[in-house]
Amino acid sequence: MKTTVKTLTAIIAGICFCPIVTAQTKPQINPTQNAANHRGHYTSPYRPGTITGIISGPYGSILFVELEDKTKLRFHHPSTRIVRGDRVLVFQKKGEYYLVEAANPQ
Numbered sequence: 001m002k003t004t005v006k007t008l009t010a011i012i013a014g015i016c017f018c019p020i021v022t023a024q025t026k027p028q029i030n031p032t033q034n035a036a037n038h039r040g041h042y043t044s045p046y047r048p049g050t051i052t053g054i055i056s057g058p059y060g061s062i063l064f065v066e067l068e069d070k071t072k073l074r075f076h077h078p079s080t081r082i083v084r085g086d087r088v089l090v091f092q093k094k095g096e097y098y099l100v101e102a103a104n105p106q
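Residues 1 to 106, numbered by the working numbering, are exactly what the sequence shown covers, in order.
Note that these hints are calculated values from the structure, not bench results.
Where is the CB? At the ideal position from N, CA and C, for every residue including glycine.
A hint or two may mislead.
What the hints assert, rightly or not - Result set (DMTMM-like, lysine to aspartate or glutamate): computed pairs, CA atoms no more than 20 Å apart in a straight line:
| # | residue 1 | residue 2 |
| --- | --- | --- |
| 1 | LYS94 | ASP69 |
| 2 | LYS94 | GLU68 |
| 3 | LYS70 | GLU96 |
| 4 | LYS70 | GLU101 |
| 5 | LYS72 | GLU96 |
| 6 | LYS93 | ASP69 |
| 7 | LYS93 | GLU66 |
| 8 | LYS72 | GLU101 |
| 9 | LYS93 | GLU68 |
| 10 | LYS70 | ASP86 |
| 11 | LYS94 | GLU66 |
| 12 | LYS72 | ASP86 |
Said to hold, decoys possible - Cβ-Cβ distance ranges computed for the label pairs, FRET-style:
| # | residue 1 | residue 2 | range |
| --- | --- | --- | --- |
| 13 | LYS94 | PRO58 | 30 to 40 Å |
| 14 | VAL100 | GLY53 | 18 to 28 Å |
| 15 | HIS76 | PRO48 | 17 to 27 Å |
| 16 | PHE91 | GLY60 | 15 to 25 Å |
| 17 | THR50 | THR80 | 10 to 20 Å |
| 18 | LYS72 | PRO45 | 17 to 27 Å |
| 19 | GLY85 | TYR46 | 25 to 35 Å |
| 20 | THR43 | GLU101 | 11 to 21 Å |
The whole structure should be built from the sequences, with the hints applied where relevant.
As structure tokens, then:
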């Protein structure tokens, strides 16, 4: 009898002092929908641009480049054989731009 009372007391004490947490279901995610969401967030670090101006000197040329988003940049290039209107490829990393190709990128 005493063991029954002790057992019931332990059960009642456990019920009274244990917090009750309701379980929440996690919604199912469709794999195709998940892939579609990630597809639009990628932007390439390479940006095409056009040479809008050139200043040539004995130590090379200074190229004035305008990217497709109207960003204007200036680069030094060792060659003097570059023509205004040429297409160039620019690499952007951590807010800095690097001239990758001073030719016709295709």
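Quick rundown of the hints versus the structure:
1. Pair hint LYS94 plus ASP69 holds up; C-alpha atoms about 17 Å apart against a cutoff of 20 Å.
2. Restraint check: the Cα-Cα separation between LYS94 and GLU68 comes to about 19 Å, which is no more than 20 Å; the hinted pair holds.
3. Restraint check for LYS70 and GLU96: satisfied, since their Cα atoms lie roughly 16 Å apart, inside the 20 Å limit.
4. Between LYS70 and GLU101 the CA atoms are separated by roughly 19 Å; this keeps the pair inside 20 Å, and the hint holds.
5. Restraint check for LYS72 and GLU96: satisfied, since their Cα atoms lie roughly 13 Å apart, inside the 20 Å limit.
6. Between LYS93 and ASP69, the direct Cα distance comes to roughly 16 Å. Compliance with the 20 Å bound is thereby established for this hinted pair.
7. At roughly 17 Å between alpha-carbon atoms, LYS93 and GLU66 fall within 20 Å of each other, so this suggested pair holds.
8. Proposed proximity of LYS72 and GLU101 is supported: the alpha carbons are some 17 Å apart, at most 20 Å.
9. The hinted pair formed by LYS93 and GLU68 meets the criterion: a straight-line CA distance of about 17 Å does not exceed 20 Å.
10. At most 20 Å may separate the alpha-carbon atoms for a hinted pair to count; LYS70 and ASP86 meet this at roughly 16 Å.
11. For the proposed pair LYS94 and GLU66, the alpha carbon gap of about 19 Å is at most 20 Å, so the pair holds.
12. Pair hint LYS72 plus ASP86 holds up; C-alpha atoms about 15 Å apart against a cutoff of 20 Å.
13. For LYS94 paired with PRO58, a C-beta distance near 33 Å keeps the hint of 30 to 40 Å intact.
14. The beta-carbon spacing between VAL100 and GLY53, approximately 19 Å, falls within the hinted interval of 18 to 28 Å.
15. For the hinted restraint 17 to 27 Å between HIS76 and PRO48, the CB-CB distance of approximately 20 Å keeps it satisfied.
16. The hinted range of 15 to 25 Å is satisfied by PHE91 and GLY60, whose Cβ atoms lie roughly 19 Å apart.
17. A C-beta distance of roughly 19 Å is found between THR50 and THR80, which places it inside the suggested range of 10 to 20 Å.
18. Look at LYS72 against PRO45: about 19 Å separates their beta carbons, and that is inside 17 to 27 Å.
19. Roughly 20 Å separates the CB atoms of GLY85 and TYR46, a value that falls outside the hinted 25 to 35 Å.
20. As the Cβ distance of THR43 to GLU101 is approximately 19 Å, the hint placing it in 11 to 21 Å holds.
Checked against the numbered hints given earlier, the structure breaks only hint 19 and satisfies all the rest.
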